[in-house]
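Enquirer: First to last, the sequence lines map onto chains E and Z.
Count the first sequence with this note's numbering and you get residues 1 to 475, in order.
Count the second sequence with this note's numbering and you get residues 1 to 444, in order.
If you're looking for bench data, these hints aren't it; they were derived computationally from the structure.
Be aware that one or more of the hints could be misleading.
When the alpha-carbon atoms are kept at most 20 Å apart in a straight line, the in silico EDC-like pairs for lysine to aspartate or glutamate are as follows [stated by the list, open to error]: (1) E/Lys392 with Z/Asp326; (2) Z/Lys411 with Z/Glu351; (3) E/Lys298 with Z/Glu351; (4) E/Lys298 with Z/Glu55; (5) Z/Lys22 with E/Glu75; (6) Z/Lys323 with E/Glu451; (7) E/Lys71 with Z/Glu61; (8) E/Lys298 with Z/Glu408; (9) E/Lys303 with Z/Glu408; (10) Z/Lys388 with E/Glu472; (11) Z/Lys314 with E/Glu73; (12) Z/Lys411 with E/Glu75; (13) Z/Lys309 with E/Glu472; (14) Z/Lys119 with Z/Glu131; (15) Z/Lys434 with E/Glu469; (16) E/Lys298 with Z/Asp62; (17) Z/Lys323 with E/Glu75; (18) E/Lys71 with Z/Glu194; (19) Z/Lys22 with E/Glu472; (20) E/Lys175 with Z/Glu194; (21) Z/Lys434 with E/Glu472; (22) Z/Lys433 with E/Glu460; (23) Z/Lys309 with E/Glu469.
Not the full set, but computed from the structure, chain E residues with beta-carbon under 8 Å of chain Z [said to hold, decoys possible]: (24) Thr18; (25) Ile194; (26) Asn342; (27) Phe349; (28) Ala461; (29) Ala463; (30) Val466; (31) Glu469; (32) Ser470; (33) Val473.
For each residue, glycine too, the CB sits at the ideal point set by N, CA and C.
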Amino acid sequence: MSQADPSLSISNPHPDKTDAIQKAGLALAGLGLLTFFLAWGNVPIPKALGLAVALGGIIIGTTIYSWRLYKNEPEGIKNNGVMFKSLTSRGVIGWTVGVILTAFYVLLYWFPEYLGYKESGANEGFVALFDPLSQFFKGKPASQWFMYGTLYTLAILSLGIKFLLKYRGNSYQIKRTLVVIAAQLFLAYLIPEILAGLNYNDATNAQGEYLGYYDTDIKNTWPLDYDYFYDWHLDAMQEEAYQPVGILYLIIGIAMFLVFTPILTYYLGKRWYCSWVCGCGGLAETAGDPFRHLSSKKLSAWKLERWLIHSVMIFVFVMTAATIYGYFWNTGEVFGLNIYNNFQKPYGFLIGATFSGVIGVGFYPMLGSRVWCRFGCPMAGYMGIIQRFKSKFRITTNGGQCISCGNCSTYCEQGIDVRWYAQRGQNIVRASCVGCGICSAVCPRGVLKLENGPDENRTEAPAIIVGNESIEVAK
Amino acid sequence: MQHVVIIGNGIAGITTARHLRKLSDDRITVISAETDHFFSRTALMYIYMGHMKYEHTKPYEDWFWEKNRIELKRAYVSAVDTAKNELQFQDGSSLNYDKLVIATGSKPNKFGWPGQDSKGVQGLYSYQDLELMEANTKDIKRAVIVGGGLIGIEMAEMLLSRNIPVTFLVRERSFWSNVLPKEESEMINRHALEHHVDLRLSTELDEIVADEQGRVKAVKTKSGETIVCQFVGLTAGVSPNVGFIKNSEIELNRGVLVDEFLRTNIENVYAAGDCAEFREPNGERKPIEQVWYTGRMMGEVLGRTLAGKQTAYKPGNWFNSAKFFDIEYQTYGWVWPEKKDDESDFYWEHESGKICLRLRWKSDSGKLTGVNNFGFRLRHHALDKWFKEERSVEYVLEHLRDANFNPEFYKQHEQEIIHQFNSENGTQLKLKKKSWQRILDFVS
């Protein structure tokens with residue numbers, strides 16, 4: 001089948017009506033991006049101004065663009081042309097973006113010096129552009145991680161605004177997206193940077209002695225935050241100079257995993273985390289939204305998913321058990337195996353960096369936005385088991401109203417074949433469902449509803465779909 | 001082991017095959033000239049609009065058929081010889097059956113308009129129609145759609161997604177007014193205009209004008225207006241696709257005539273879905289039901305009958321759904337365009353003009369008979385149960401929250417609805433809180 005004209009838009013209700021204001025918005029955002037690349041190439045631009053232009057340009061530019069794009073349309077989700085556009089259908093643009101993102105992650109994790117990060121001496125290039133902001137927050141030059149955190153927040157904020165406009169007729173999407181943006185902006189970015197500025201987690205004392213670092217993103221919970229129980233992390237939280245904040249994070253961090261997570265997942269499903277507050281989820285739901293349909297819906301993908309995610313979960317449990325053993329018994333070895341070399345290092349390299357970062361985000365335009373969340377994340381694996389076996393959450397199927405059109409399955413970022421359940425009148429209860437609500441939003445017949453109710457018979461398939469009285473069902 | 005051959009791989013044919021397979025070890029062959037695999041016909045529009053690709057519209061992966069021993073054959077049946085239990089194919093080959101199911105669906109209506117066979121003039125029913133539409137709408141300036149029903153408005157939405165201006169000729173005074181009551185119909189008129197459809201009500205097609213190459217260049221209306229266009233969508237309904245059995249012994253009217261067991265006049269030949277015509281219609285239902293849901297239900301029934309568990313088609317309470325651009329529509333029970341003499345009527349519309357609820361009930365008993373809801377979702381199980389329990393309109397209104405199926409956090413309108421009902425009817429109904437216990441009882 002031939003294709004419609006490609007346009008500049010990702011999901012444009014009216015492909016060739018990119019008006020002057022929209023183009024201006026795009027130009028502004030483009031200028032922002034260009035500034036990043038110029039800085040990376042060490043073009044001498046004033047850092048503070050350059051950073052302001054880049055951040056402001058991208059946020060304002062994308063907002064103007066998407067405002068113009070959606071505001072003249074009546075409320076309603078229009079995925080027009082998603083399957084035709086190069087960016088969103090694994091075309092040349094999609095692959096190009098994928099390669100750039102992947103390369104960026106490779107540099108970030110293993111070769112930050114190519115981004116301009118200098119361990120000793122002044123930063124250059126890309127990272128140096130973020131020095132003024134880092135100085136502002138905590139009085140020291142930017143690290144590659146500060147740069148990354150800023151970019152990450154920028155992506156969630158600017159593309160979150162676009163998402164809000166696209167789905168503006170849907171209250172669930174609006175509330176969820178506002179929360180996920182706020183979670184990133186405040187819990188993951190501003191509060192940690194402010195705490196760092198107040199010398200609560202990443203400080204050097206008057207004697208020039210480094211006091212250690214611990215993570216102050218409260219929602220970044222073990223086992224997603226796999227190094228939580230590493231000795232340097234536990235020690236930093238107990239560092240005297242960091243109190244009372246350090247101990248607070250230690251207590252909350254453990255309570256998050258042991259208490260809050262199971263309770264909230266029981267009442268709400270794992271969505272309370274995965275699509276409402278989590279940073280990985282936040283990026284997937286905003287920047288990743290145009291790629292959500294690229295997840296595989298095959299049964300074979302589901303099988304792979306169950307093996308992979310639970311293997312990673314067991315890996316992190318074993319790795320952490322070894323770590324905790326080493327911490328309390330004050331040893332670097334368990335059963336004669338070096339804890340760092342045999343557990344922590346492989347997990348950090350294979351899972352922490354390669355899987356969640358390089359593949360997880362770099363491959364958005366090829367494999368969809370939730371590769372990590374679906375196949376890898378041990379936190380999602382843990383909550384998935386609760387959600388599947390003991391939770392009030394389900395996606396209710398509305399009787400016999402399904403027409404098997406496939407919009408729900410297509411736009412499920414987790415690759416759940418939602419239609420398979422809907423067309424047989426069965427509720428959807430799946431370990432991997434992150435409760436983003438898009439299946440319900442794109443359903444043209446009002447068939448799907450995310451809800452929390454009594455968990456009895458939640459998964460039962462009806463003997464016959466409602467509306468057909470031909471067959472007597474034995475009670 | 002009997003050989004059951006099903007002509008047609010749409011929802012009726014495939015549901016028949018699936019249910020038969022669940023209950024028997026019969027050899028099952030499904031024949032289609034349209035596609036290799038079952039796809040959702042209702043999703044054709046989304047392929048054109050770029051929401052999905054063809055592969056997304058297939059409800060089962062391709063391995064499903066072999067795994068379930070359902071043989072698929074891509075061929076066009078040109079004749080049926082019921083004496084020899086044999087199908088003849090267009091390519092000259094043939095196939096024998098022990099039992100035959102005709103589930104060949106529909107084809108778009110053409111009412112003998114001059115020029116109706118010009119290039120660029122087409123209906124939309126099959127996958128081939130979609131491919132044709134893709135070719136026919138390339139680089140065109142304007143499209144005209146004839147026929148104010150569901151496929152017509154979907155076609156308008158499809159064309160507008162490609163920035164093709166659409167003139168929509170509706171013979172009736174208002175969109176789909178032979179089905180929808182006035183207010184609902186007018187809501188959709190307004191919504192079509194909001195989407196920049198050039199909506200022409202009370203306008204009838206007179207003639208389609210073609211150029212020298214035989215390609216459409218304009219249409220003329222009965223009022224004498226000429227509208228220049230390069231594409232004409234004919235969406236004035238569909239009729240059973242049964243031409244290939246005209247010369248067989250199988251008895252036809254408009255469709256294949258069947259009894260309640262979906263049996264034709266020939267002992268081992270059955271029909272289901274759009275192409276079947278009931279000798280005795282079910283209650284208020286039409287003798288030919290051209291709806292996805294009824295095709296599915298007939299398949300559920302026929303699968304059992306073929307497996308030896310003879311089962312009559314007994315559809316329950318009527319329901320249907322559609323989407324008009326951004327406005328979703330569901331209906332439960334019977335809502336006629338004009339209420340019947342023994343019925344009472346209540347209509348509420350949200351100030352946005354895009355959400356409404358209509359209730360109909362028997363004036364004497366108060367028993368609910370029909371519901372139309374636009375722009376918000378209702379729980380199918382709730383309405384079905386309430387009809388079965390013969391609940392009164394008052395009961396339904398008081399328990400309306402149990403039936404609300406909108407996503408979480410949506411603004412709720414029940415209070416406003418019940419308030420209007422009270423003030424119009426002098427009642428003192430009070431809205432009950434949503435009860436999960438009652439919701440679970442709907443299903444049991």
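Enquirer: All the hints need checking, so say for each whether the structure fits it.
Expert: Consistency of the hints with the structure:
At roughly 31 Å between alpha-carbon atoms, E/Lys392 and Z/Asp326 are farther apart than 20 Å, so this suggested pair is violated. Distance check on the hinted pair: Z/Lys411 and Z/Glu351 sit about 13 Å apart at the alpha-carbon level, within 20 Å; holds. Distance hint between E/Lys298 and Z/Glu351 is unfulfilled; the C-alpha atoms sit about 44 Å from each other, more than 20 Å. As the CA atoms of E/Lys298 and Z/Glu55 are separated by approximately 11 Å, the hinted pair is consistent with the 20 Å bound.
At roughly 43 Å between alpha-carbon atoms, Z/Lys22 and E/Glu75 are farther apart than 20 Å, so this suggested pair is violated. Between Z/Lys323 and E/Glu451 the alpha-carbon distance is near 23 Å, which puts this suggested pair outside the 20 Å criterion. The suggested pairing of E/Lys71 with Z/Glu61 is violated, with an alpha-carbon distance near 38 Å, which exceeds 20 Å. Of the supplied pair hints, the one linking E/Lys298 and Z/Glu408 is violated, its CA atoms being roughly 29 Å apart against a limit of 20 Å.
With a CA separation close to 31 Å, the supplied pair E/Lys303 and Z/Glu408 exceeds the 20 Å bound. For the hint linking Z/Lys388 to E/Glu472, the alpha-carbon distance of about 15 Å falls within 20 Å, and the restraint holds. Of the pairs offered as hints, the one joining Z/Lys314 and E/Glu73 is violated, with about 43 Å between alpha carbons and a cut-off of 20 Å exceeded. For the hint linking Z/Lys411 to E/Glu75, the alpha-carbon distance of about 15 Å falls within 20 Å, and the restraint holds.
For a cut-off of 20 Å, the pair hint linking Z/Lys309 to E/Glu472 stands: about 12 Å separates their Cα positions. With a C-alpha separation of about 14 Å, the suggested pairing of Z/Lys119 with Z/Glu131 holds against the 20 Å cut-off. Taking the CA atoms of Z/Lys434 and E/Glu469, the gap is near 27 Å; set against the 20 Å cutoff, the hint is violated. In summary, the hint linking E/Lys298 to Z/Asp62 is supported, as the alpha carbons are separated by about 10 Å, within the 20 Å threshold.
For the given pair, Z/Lys323 sits about 14 Å from E/Glu75 by alpha-carbon distance, which is consistent with the 20 Å threshold. As the CA atoms of E/Lys71 and Z/Glu194 are separated by approximately 13 Å, the hinted pair is consistent with the 20 Å bound. Proximity of Z/Lys22 to E/Glu472 is assessed by CA-CA distance (about 17 Å); at most 20 Å being required, the pair is judged to hold. Restraint check for E/Lys175 and Z/Glu194: the C-alpha separation of about 27 Å exceeds 20 Å, so the hint is violated.
For the given pair, Z/Lys434 sits about 30 Å from E/Glu472 by alpha-carbon distance, which is inconsistent with the 20 Å threshold. Between Z/Lys433 and E/Glu460 the alpha-carbon distance is near 26 Å, which puts this suggested pair outside the 20 Å criterion. Of the supplied pair hints, the one linking Z/Lys309 and E/Glu469 holds, its CA atoms being roughly 15 Å apart against a limit of 20 Å. For E/Thr18, the shortest C-beta to C-beta distance to chain Z is roughly 12 Å, which exceeds 8 Å, and the interface hint is violated.
Annotation: E/Ile194 was flagged as interfacial toward chain Z, and the flag is violated, the nearest CB pair being 31 Å apart, outside 8 Å. About 40 Å separates the beta-carbon of E/Asn342 from the nearest beta-carbon of chain Z, more than 8 Å, and the hint is not met. Interface restraint check for E/Phe349: the shortest CB-CB distance to chain Z comes to about 35 Å, outside 8 Å, so the restraint is violated. Evaluation of the E/Ala461 hint against chain Z yields a violated restraint, the C-beta minimum of about 11 Å exceeding 8 Å.
Taking 8 Å as the C-beta contact cut-off toward chain Z, the hint placing E/Ala463 at the interface is violated, the least distance being around 11 Å. The criterion of a C-beta within 8 Å of any C-beta in chain Z is met by E/Val466, whose closest approach is roughly 5 Å, and the hint holds. The closest approach between the C-beta of E/Glu469 and any C-beta of chain Z is roughly 4 Å, which is under the 8 Å cut-off, so the hint is satisfied. At a threshold of 8 Å, the smallest CB-CB gap from E/Ser470 to chain Z is about 4 Å, leaving the interface hint in force.
Taking 8 Å as the C-beta contact cut-off toward chain Z, the hint placing E/Val473 at the interface is violated, the least distance being around 11 Å.
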